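> Quick note, the sequences are listed as chains G and S, same order.
Under numbering that gives the first Met the number 0, think of the first position of the first sequence as 0, with each following residue one higher.
Under numbering that gives the first Met the number 0, think of the first position of the second sequence as 0, with each following residue one higher.
No lab work stands behind these hints, which were simulated from the structure alone.
Computed from a predicted model, the values in this text were never measured in an experiment.
Accuracy of the hints is not assured; some may be wrong.
[Stated by the list, open to error] The calculated lysine-lysine pairs, modelled on DSS-like cross-linking and capped at a C-alpha distance of 27 Å, are: (1) G:Lys102 <-> S:Lys37; (2) G:Lys218 <-> G:Lys251; (3) G:Lys272 <-> S:Lys151; (4) G:Lys116 <-> S:Lys8.
[Claimed, not checked] Some chain S residues flagged as far from chain G (calculated, every beta-carbon gap over 12 Å): (5) Leu18; (6) Arg40; (7) Lys50; (8) Phe51; (9) Pro136; (10) Val137; (11) Glu148; (12) Pro163; (13) Arg199; (14) Asp215; (15) Ile225; (16) Arg226; (17) Ala228; (18) Ser231.
Ideal placement from N, C-alpha and C gives every residue a C-beta, glycine not left out.
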Amino acid sequence: MRGKHSLFYHILIFIIAQLVWLSLLGIWIYWYVSNYIVFEKVGDQVSPQLVYDVQNALPFILGLILLIGLSFITSLIFRHLNVQLRLTKLYDNFIGNVTHELKSPLFSIQLYLETLKQRDVPAEKRKEFIDMMVKDADRLQSLINTILEISAQETKKLAQDYRVYKAEIMVKELINEACEKFRVTKENLQITGSPSCEIVASRDALKIVFDNLVDNAVKYSTTEAKIAASLICNSKKVTISFIDLGIGINAKEQKKIFNKFYRIYNKEIPNVKGTGLGLYRVKEIIKAHDGKILVYSEGEGRGTTFKIELPTYSSISKRRLKKFLKTE
Amino acid sequence: MMEEYKRSKILLVEDEETLAVGLEYNLVEEGFIVNWAKNGREAVDFFEKGKFDLIILDIMLPYINGFEVAERIRKSDPHIPILMLTAKTESNDKVKGLEKGADDYLTKPFHLQELLLRVKGMLKRKSWYKSASEKQPVYKFGSNQINFESLKCLHNRDEIRLTPQEAMLMKYLVEHIGEIVTRKELLENVWHLNPEVETRTVDIFIARLRKYFEPDPSNPIYFKSIRGAGYSFEVK
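Kindly produce the complete structure, drawing on both the sequences and the hints.
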């Protein structure tokens with residue numbers, strides 16, 4: 000509501016500014032023309048030999064250029080301001096989401112501590128509570144990490160520990176771990192393909208990638224999440240297709256989902272929790288691996304496919320390899 | 000005193016598993032029977048199938064949010080106490096929650112004791128209202144008639160339906176007929192809110208009752224303002 004209001008004011012100020020420039024322009028032309036006429040008349044009377052040459056028109060033209068230039072600059076500033084406004088709005092949203100996400104686990108831990116302090120909790124329950132607290136602490140930690148590592152620079156730092164892995168083994172491990180973490184049952188997970196190639200990757204960074212994809216699949220499904228992944232390899236690249244049967248993404252939003260802070264809103268499942276940073280990080284990580292990530296969805300309600308392409312070990316140039324593996 | 004609320008059935012609607020498990024444990028320890036719904040859809044399902052004495056409702060829920068759940072529940076049960084929980088501190092949420100039918104409100108993080116006290120307070124109010132309206136389900140004054148069970152009222156020939164909050168306030172005023180009741184007292188006993196919060200709420204509700212029942216709302220003869228003190232309900 001407030002955002003709309005301020006946008007309205009900005010547009011109004013912009014229009015007024017442009018009107019001021021235009022009227023100045025008008026006055027300028029009017030002044031020049033009337034002066035010219037007076038000059039001409041007076042000039043004719045005083046000395047008919049006087050000839051007006053191009054030089055007299057110069058201040059007029061300069062004035063015109065100046066005024067047009069100024070109105071052009073106002074437009075530019077206005078455009079820039081608009082972009083900033085949109086970013087600020089996204090950022091406000093992000094702060095709201097993050098506050099909620101930070102408060103919840105902390106509150107839960109506080110509740111358990113109060114419970115343990117006030118009640119005589121039997122040993123078995125106590126163990127369950129401690130497990131819950133550990134879980135909340137993990138959640139807090141991963142959220143804080145996400146917030147701290149949002150800049151591309153930080154992501155690069157994170158993806159430091161590059162090694163050569165067998166693509167099949169590592170990717171399958173990571174997807175399985177993520178599915179376990181986000182409670183996708185074995186029946187709902189299917190991984191096909193067994194390529195024999197190797198990739199150069201940072202396991203910790205790729206773990207974030209698959210955790211995010213699985214977490215999104217779970218969060219954006221109206222029923223139990225179903226995931227199908229496939230691995231294909233040729234001499235140049237490994238292609239990992241990650242398909243979920245969630246709510247899907249319409250074409251307009253597909254372009255935006257990798258943007259920082261961008262979040263999808265769907266009427267079917269409102270109140271999905273998150274920061275709007277997950278896929279942004281995913282993209283940065285894949286970029287750091289010299290790979291590509293693409294998204295396909297036939298539209299809302301039809302699931303989503305993420306396609307990740309990573310270069311194979313044998314296709315990476317020696318120079319790049321040195322940089323990855325930090326070998327001399 | 001506490002014994003009478005034991006075995007009360009509470010529907011806990013909370014999507015954060017760790018939080019819900021902790022809350023459930025504490026409520027069960029207090030002697031309540033707790034059903035836990037993980038999302039808005041489950042909450043509505045549970046509510047339709049079971050009978051509950053109180054609902055603890057989170058706002059940020061998957062599928063159907065807390066406001067909508069409250070609205071749906073209110074349509075079929077005008078009396079059940081609803082306690083809303085939220086992590087947001089915006090007072091907008093609070094007003095919206097109360098409008099949608101919540102009776103009370105707690106902002107996360109809250110202390111365990113605070114939650115338990117509120118729950119007990121709400122159950123106490125519910126049983127007070129129930130026994131009071133059973134004793135005297137229909138109340139008449141002037142050309143008005145109020146049914147505290149169905150919440151249906153007659154003003155002259157027009158039928159009005161009170162909201163539970165309006166009925167609770169009306170009931171309280173009827174029980175204290177002829178006495179001066181302060182805004183603070185009303186907030187504490189009818190809303191169970193911290194009196195420092197908003198005394199204006201009381202004024203808004205009194206204005207509504209005047210609109211329903213006074214022959215001329217701008218010159219009240221039943222719901223009188225007592226300057227510097229509060230209100231007094233008088234029937235001559």
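> Checking against the hints above, which ones are violated?
3, 5 and 6
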